[in-house]
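6 protein chains.
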Amino acid sequence: MYELGVVYRNITRADRAAADGLAALGSATVHEAMGRVGLLKPYMRPIYPGAQVSGTAVTVLLHPGDNWMMHVVAEQIREGDIVVAAVTAECTDGYFGDLLATSFQARGARALVIDAGVRDVKTLTEMRFPVWSKAVSSKGTIKSTLGSVNIPVVCAGMIVNPGDAIVADDDGVVVVPKAMAAKALEAAKAREANEGAKREKLASGVLGLDMYKMREGLEKAGLRYID
Amino acid sequence: MYELGVVYRNITRADRAAADGLAALGSATVHEAMGRVGLLKPYMRPIYPGAQVSGTAVTVLLHPGDNWMMHVVAEQIREGDIVVAAVTAECTDGYFGDLLATSFQARGARALVIDAGVRDVKTLTEMRFPVWSKAVSSKGTIKSTLGSVNIPVVCAGMIVNPGDAIVADDDGVVVVPKAMAAKALEAAKAREANEGAKREKLASGVLGLDMYKMREGLEKAGLRYID
Amino acid sequence: MYELGVVYRNITRADRAAADGLAALGSATVHEAMGRVGLLKPYMRPIYPGAQVSGTAVTVLLHPGDNWMMHVVAEQIREGDIVVAAVTAECTDGYFGDLLATSFQARGARALVIDAGVRDVKTLTEMRFPVWSKAVSSKGTIKSTLGSVNIPVVCAGMIVNPGDAIVADDDGVVVVPKAMAAKALEAAKAREANEGAKREKLASGVLGLDMYKMREGLEKAGLRYID
Amino acid sequence: MYELGVVYRNITRADRAAADGLAALGSATVHEAMGRVGLLKPYMRPIYPGAQVSGTAVTVLLHPGDNWMMHVVAEQIREGDIVVAAVTAECTDGYFGDLLATSFQARGARALVIDAGVRDVKTLTEMRFPVWSKAVSSKGTIKSTLGSVNIPVVCAGMIVNPGDAIVADDDGVVVVPKAMAAKALEAAKAREANEGAKREKLASGVLGLDMYKMREGLEKAGLRYID
Amino acid sequence: MYELGVVYRNITRADRAAADGLAALGSATVHEAMGRVGLLKPYMRPIYPGAQVSGTAVTVLLHPGDNWMMHVVAEQIREGDIVVAAVTAECTDGYFGDLLATSFQARGARALVIDAGVRDVKTLTEMRFPVWSKAVSSKGTIKSTLGSVNIPVVCAGMIVNPGDAIVADDDGVVVVPKAMAAKALEAAKAREANEGAKREKLASGVLGLDMYKMREGLEKAGLRYID
Amino acid sequence: MYELGVVYRNITRADRAAADGLAALGSATVHEAMGRVGLLKPYMRPIYPGAQVSGTAVTVLLHPGDNWMMHVVAEQIREGDIVVAAVTAECTDGYFGDLLATSFQARGARALVIDAGVRDVKTLTEMRFPVWSKAVSSKGTIKSTLGSVNIPVVCAGMIVNPGDAIVADDDGVVVVPKAMAAKALEAAKAREANEGAKREKLASGVLGLDMYKMREGLEKAGLRYID
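Residue numbers (the working numbering), protein chains in the order written: chain A, -1 to 225; chain B, -1 to 225; chain C, -1 to 225; chain D, -1 to 225; chain E, -1 to 225; chain F, -1 to 225.
Be careful, since some hints might not be right.
Identical chains blur together in the list; that is why a pair holds if it fits in one copy or across any two.
Unchecked claim - Lysine-lysine pairs mimicking PhoX-like chemistry, simulated, CA-CA at most 20 Å apart:
1. K196 with K211
2. K120 with K196
3. K218 with K141
4. K199 with K211
5. K39 with K120
6. K187 with K120
If you're looking for bench data, these hints aren't it; they were derived computationally from the structure.
Chain A on its own, in the form it takes in the complex (with noise of 0.2 Å):
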C-alpha cells in the first residue's frame, strides 16, 4: 500500500557507472544474469524501435486520469535517471507528451517508463526520448489529486525502489535493486564474453546440441529417435 502526498528528496541512487554500464547489456542479457527476475511484464512496449538506455530510477505514483505529479517528478530528476511511472488504478490516458518531454530532457532524464498511456509519440520520436508504455493515446489528464515522488511503486507487475538501476530495450524493461547493479554488470558482461565464441561456432553450423552437450541429458530424460 502506498504512502500518499509525499516527495522523498534524498534517494540514494544506484551506484552511477554501473547503472550506465547496463545499457551495453541489454535487459534479456541482465535479466538472465541476475537469475531471471526483475522483469516488467511484456505489455510494457517502447514507442519507437531501436532504443537502449539504462539510468537510476525516480519513481512517481499517479492517480488515474490525473498527472499532476509528473510535474512534481520532473524536479527531483538528475542527470542519469529514467523516470518510472506507477498508477493507483488501471489507466490508459496519456499522461505526458512533448512538452514534459522536453522537460524531462532538460533535467537529464533519459527515459520514462509508465504502467499507462503516452501521447506525441511522433514528436517523442523526433526528439529521441524514448518511453516504454502500455498504451498510447491522445486522451489527457487532469492534475488535481496528490500522489507520491520516490516512494517504492508496483510498475507492471513489479516493484520498484527508488534509486534502483533501469535497463530498457526492445526486449523489454528490467529493475535491478541498486544494491545489486554492480554485481550484476559484471555477471552480465561475464555473460557476454564468450558470447562472440558461441555465435561463432553456431554460425558455422555446430549445433546447439553439440556446443553445451546437451545429448547425453536428453537421452537420460528420455528423448527418442523416430526415422
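Knowing the structure of chain A, use the given hints to seat chains B, C, D, E and F on it.
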C-alpha cells in the same frame, strides 16, 4: 440500434477548411481543445507510423466477416473524406486491402478508420494510404449481407455521425461533431499558439511547477517534501 | 493430445517449388485461394515490418518456460524450412534469441513462427531473421523438460503438420497442408493474375460496384438509396 | 460525441405494456425477433443468476472514477425504468452499491445496466436488485465532474437512447428502440408461439434436419457423408 | 487445416466403460494421471456449478456466426456422447440454446463443449444439460455455410479427435485420446486410491513437508529459514 | 525485486482483534475508509459467492507452474492467517486443491488469495474454504524451484507485506498495512455507523441529491436541467 439496408447519399459535411485544418494540430491537441471528448478507444492503431490526416467522415456499418458494404460506401466518397467503418459484432477479419484502397484513393478518400481488421498492409504502406484499425489479418470476407452507409455508427466506443470531422495520427483517432469543427480548430490553434514559448522555457530548465504556478496548489493539497 | 519425448527425423515436406513459390503471393492471397482456411490467429505479429517468406514446416512442441527442444529441433532443420513452435500452455517467455537464430540460419531455416515470446529482436532485425510471435520478452527459459519435434502441433489455434507449407508476411501466417501446396500456389497465382487489370480500373475511378457487377445483387437484397 | 452537463427531464418512454412484456420473452428471443441487432457486448454479465427484467431506459453518462451523476439520474427514475450507465473511458470502478440501489429501488427502478463496475453485490443479491456490469470492484468513486442524464449514450458498444426498451437476463442485455417496442414484442411472441410444439418434437427424437427440412439445402451446398 | 463439408458417420469411440468411468475422478485427477496434458484452455467455463460428466466426443467444426452444422452433428450423437464444437475463427455468438439442447439430450448427449457462446442458459440449467463455453451471448446465428462433423478439431487450443474421451467439471475440460482411455482411468483411480489417507493425515495437522518428505530436497535446493 | 529461497519465520502480524474485525465491514467499506487504496485488481474473484473473511497475511512467492513453496508456507500458518500467493510471471495453473486446503485449514488458515489458478473448486466449496484467484484450472504444477515465504510480494498489482491485514468478500480483496489495521477498523466502523439511517431515508424516497446536499454543488459546476 442500427437501421439496416440504407444508403444516405446527401449528408452534410463539416466545414471543409476546418476539417482540413485539424490535421496540422494533431489528435491530442484537438482532443484537449474539445474538453477531452471524442477519442476512439486506444486499441485503434495506425498500420504505419507518421501518418497524420483529417477529413470528413463517411460512415459504413458492416456485418462480421462481410465487406459487401465497403464497395457501396466507395461510391459515396468525396474528395477529403475519411471512411469510418463499424461492425455489428466483434471481428478482426481483414475487410480492406490494396484493391479497395486503390478505389478509395481514386475517389478522394484520405484514410480508413475501421473497428476490425485490415490486410495488405505492406502495399497500403507503399501507397501511403493510412488505416487505423484494431487488427491486421489475412482473413478475407464474404459479400452477402446488407449493412448501411452514412448512418450514425459506434466505432471503437464512440458515436460517429456522417459528416463529422475526423483527425487521426500516431496518438489515435478523434471525432469532432460537424457543428463544432470550426470552433474546435480555433480552440486547438489557440492551445498550440503558446506551446512554442512553453517548450523553450522548459528546454531551458524552467520547471512546469514554476511555469504553471503549481507550487501553491500542491502545498494547499498537502504535499510534503521529505529530505 | 500430444506425444511427448519424440523426434521424428524423416518427414515428408511439401513440394519444394510450391512451398518456395508461395512467398511471392503473400498470406492474404494464399489464404483466399485456399477457401479462407489455414490462418493462424491474428495476434501473431512479425518482429519487424516487410518480411515475406514461405517454406516447409518443422514443428516443435515446448513446455512453458522451457526451450530445451529448440536445440533439438535445430538439428532437424533443412534448407528452406520454417520452424513452427507450439507450447503446451499459454506463455510469453522469450524462448528464442540471437544465438539460436544464428544456429537456425546456419542450418537453413528461413523464419520462426512461435506461439510465445521472442527476445533480442534488435539483433534479429539486423540479421534479417524474421520471427512471428505473440509477444516480445526478455524473460529467458530453462532447459529441463522434454517436448517433441515434428509431431502435429496446434500453433495459434491452427493445426500444423510437419512438412506443411507456411507463408508469412505483415498480414499474418498461413499454413497450407503439404498435399495441397502445389494446388494452392496455382490457385493463388490465378487469383493474382487479373489483379493488375482490376487495380488499374479502380485507380481510374471505376467502382467495384460496377466492376464486380454488384448493383443487381444489392438491389435484390433490398438496399435502399435515400437522397 | 457527448453533450456534457445536461439533464433532460422530459423523455418519451417506449410503450409501457410493450416494455414490460419483453421480460417474459427473454433477451435471446427478442434479439432474434428484431433481426439480430441491439445486443450489448457479451462481457456484460448479471451479478446473480436468474434475474429476468425489462423496462424503459433512463441513461446516464459518467466520467471514469466519478459517480456524481448517479445521484442526479436517481431523481429522473420513474416506475418501470432501468438505468443504463455509460462511461467516457474504460473503467472498472464500483460506481454503485447498496445505498444507491436502495434509492433506485425506492424510485421504481428495476435494474441497472452499467459499462463499468459495481460493489456490494452480496447485499444487492439479497435485495434482488439486479445489475448487469462488466466488473465487480470494491473501488469507490468520487463526486466531482459533470456528465449528463438522458442523452443518447454508447453502453457496451451499443447506442441507447433515453426511453428505449431494455430486456436483460442471464443471456445478456438487448436494447429495443422505443418506436419498435410494440412490434418487437409481437414478433418475439410469434417466435415463441410455436416453440412448444418444436420442443416436443425434438424431445421425441425428431431431428432438426427433418423438422426444419434442412437435408436438401445441405446436399445442395455439397455436404458429403462418409461411412 | 480443416476438411470442409464432410460428415464421418462411423467413428471409433473410446472404450465405453473407461469413458464413463472418468467422470467420477474429475478433470484435475485425470489430467494429472495423464502426465498433465490434454487440458483445454481455462477460459472454458461451465454455465452452472456442480456438473461433472464424461463421455465420448463427437466433433463439429462451425463457421463464425453459423450454427447449421449443429443440426448435422445432432444426427451423429449416440448415447454417452459429448459434442465438442470448434469454430474456424474467434466468435462469441450464442450457437446453442434450449431447442438444440432438447434435441441433443433426446439423442443421448451428455454435454456440449463449445469454443464460442451459448444462450438460454437459465433453461439449460433447469434441464441440467451442462455446457462448457467461452461466452454466454443472446446473439443468434445463421445457417448458411458448411463445416464438418467428426473430423479432428482444435477446441480451446487442444486437438480433439472424434471418439476421444472427454471429462469435464467445475475445474475445466480434459480430452483423453481414445486409445488411452482405459489406461488413464486406471492411472487416475490409482492416484485417487491413497488420497483418503493423505487427506486424513493433513486434516490432523501433519504437514505436506513431512508427509511427502520434502524437507531434504528443499534444504538441498538451498532453502534458508530466518528467525 | 524478490529475495529467493528464504522463509521468514517470525513476522509481526497486524493486531488480532483489528484483523478479525474487518470481515464484518467488508472490502468496499474498508477500502473506502482507508482513502481508496489497497485494493487488488478486480480480476481476483471468489470461487463461490458469499464468503466474507479477514485475517493476517502470510505471503508466498511462487514460480510459474511450481507449487513447491505452498507446502513450505503451510508450516508458517497460524490461526487466523490468510495465505497470499504471488507468482514471478503470469500463470493460470491450478496451484492449490483440496489436499492443500485440508492442510491449510488444519493449520488455521481462513482463506487463500492467489494471483494464479486453483482447482478442486467443487470440494473447496463443500469444505467452505474460500479462495480468491484469477483463474480456475485443472492444470497441476511441479515441485522443483525455490520461491520464498513471508517476503513482501506483489499480488494482483498490490504490495502485500507479511502480517498485513486482509479483508475479502464478493466485491474483492483489500490489504490493510499492519500498522493501520486498528485505525482502519475504526474508520470503517464510523463509516458504517450512519449507513442504517441513510438507507432508511433513501428507502423512503429521499434523494441522495438532498440527503447529501449536492444540488448547490451541481448547480455551481454548471449542471443544466432541460424540460
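A quick look at each hint next to the structure:
1. K196 with K211: This pair counts as within: shortest intra-copy Cα distance 13 Å, inter-copy 41 Å.
2. K120 with K196: Between. Shortest inter-copy distance 19 Å satisfies the 20 Å Cα cut-off; intra-copy 39 Å does not.
3. K218 with K141: Answer is between; shortest inter-copy Cα gap is 13 Å, intra-copy 62 Å.
4. K199 with K211: within (14 Å within a copy, 44 Å between copies)
5. K39 with K120: The answer is between: 19 Å across copies meets 20 Å, while 24 Å in one copy does not.
6. K187 with K120: For K187 and K120, only the inter-copy Cα distance (19 Å) is at most 20 Å; the intra-copy one is 34 Å.
In this structure, none of the earlier numbered hints is contradicted; all agree with it.
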